[in-house]
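Asks: One-letter residues, chain by chain:
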Amino acid sequence: MIRASVIVFPGSNCDRDVKVAIERITGHAPRMVWHGDAEVPASDFIVLPGGFSYGDYLRCGAMAAHSRIMKDVIAKAKAGTPVLGICNGFQILTESGLLPGALMRNRSLKFICRDVHLRIDGHETFFTSTYRCGEVVKVPIAHAEGNYFADEHTIARIEGEGQVVARYCTPDGRITDDANPNGAMNNIAGISDESGRIVGMMPHPERLYENALGGTDGRRVFESALVGIAAAMG
Amino acid sequence: MRSALRAGLAALLSLMAGSAGIAADATPPPPGSAAPPPAAAAPRSSQPPASPDAPAGASALKLEPGKAVDIACESKSVVVATNAANATSGAMTLRLELTAGASDGAGTWRPVAVDQSHAGSLAAMQGKVCEQGCPLVQQAGGADIQLWAPAPKAITALQADELLMLAVLKTATLDFKASTFRGQQVEALESGSCRMLEAETPATGSPK
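First to last, the sequence lines map onto chains A and B. When the letters of the first sequence are read in order and numbered with our numbering, they come out as residues 1 to 234. When the letters of the second sequence are read in order and numbered with our numbering, they come out as residues 1001 to 1208.
No lab work stands behind these hints: they were computed from the structure. Some clues are possibly wrong.
[Said to hold, decoys possible] Restricting the straight-line Cα-Cα distance to at most 30 Å, the calculated cross-link-like pairs of lysine-lysine (DSBU-like) are:
| # | chain 1 | residue 1 | chain 2 | residue 2 |
| --- | --- | --- | --- | --- |
| 1 | B | K1076 | B | K1153 |
| 2 | A | K78 | B | K1067 |
| 3 | B | K1062 | A | K78 |
| 4 | A | K71 | B | K1153 |
| 5 | B | K1170 | B | K1128 |
| 6 | B | K1062 | B | K1128 |
| 7 | B | K1170 | A | K138 |
| 8 | B | K1076 | B | K1128 |
| 9 | A | K78 | B | K1128 |
[Said to hold, decoys possible] Example chain B residues on the side facing chain A (calculated, C-beta under 7 Å, incomplete):
| # | residue |
| --- | --- |
| 10 | V1079 |
| 11 | V1080 |
| 12 | A1151 |
| 13 | Q1159 |
| 14 | L1163 |
| 15 | L1166 |
| 16 | T1173 |
| 17 | K1177 |
| 18 | V1186 |
All C-beta atoms, glycine included, are put in the ideal place defined by N, C-alpha and C.
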């Protein structure tokens, strides 16, 4: 069976969406792990869901990054367990140092909730391996702090090493300022670590995994994880 | 990646049916372990190993201003824009040099030699552009060196058909990855490992 774990923080509001998506796609319900727990059960992958952990107190993801459970998430991630951070989960990954950069306030200073087009530039990660490089998909975003920022050297490093997983783009895949909903540097919507096992993204793939939800473009994020797990089993 | 995907997909049906239980944590082993990593990580860890004749301790690279260093690399590349299956692999030699008197880590690099069959390598693709040297930047802490061609530029500022190559060379391991963009689209991806060459060679000639 698939052993996925979804971390639940006070203020998480996409944890059940992620749970249902994983269960529908893999056939196995993930474990819901409370932020106050000391240890994540042995997992094939871990998801940090979206929401407003700790009410976004201090900065989005800042409190969650120092929660009790994150010590073990960080340890397991460094030992190789794949981790997916969605929206607030992405912010937690950057705040905890598992991914470089930071998510700043949207340049419009407004909360944005709508579908956006993404170009998958990083197809060699645990969570995107079933997408084609350059493929354009449509996935919802819902955030006020998704404006990805990193210093010049870090941006160059993640671009050079192919760690940019997805960029905001036009429907035909062009990277333009108009297609950038939040002002993110280089239109970055998601990144990975060097190994490709830790991925953070602002868009919500769990909100678009079956036709009843309006599309299936997010489904392959979880199918990619399945493929990765299966391959690891040999 | 494709073979890894096939292997993964082959096991997928039984996995989803719950008949292929995972007896132990699927957490990949730490570096150095013999067990294979997950499929998705395979492309990123499938770089060819450094040449076995590389001397011990030769992998730590520290550039000094005004002193050229040659590195011999083995790499694999895929020109995504044309045909992802059309990967090439082979050897190439690059020359790196920090600018004399520069304190900001700036310098130049250029291809010295490349296998003829390795058409997707950065040395082959940038051979003409960087024949006289393209810019490099050594990170302040020295952890990595970024090689640019033709010059540093934001991806979002690229015009249609404009090419930009950016490679990141880890100074501790001499592993590198490179991404080439054309008009903001990913054109080619490359990864490999290098070793320092013992003796400097004259800074002449062009990529062969």
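Asks: Any hints this thing doesn't respect? Which numbers, in order?
Replies: Of the numbered hints given earlier, those the structure breaks are 2, 4, 7, 9, 10, 12, 13, 14 and 16, listed in rising order.
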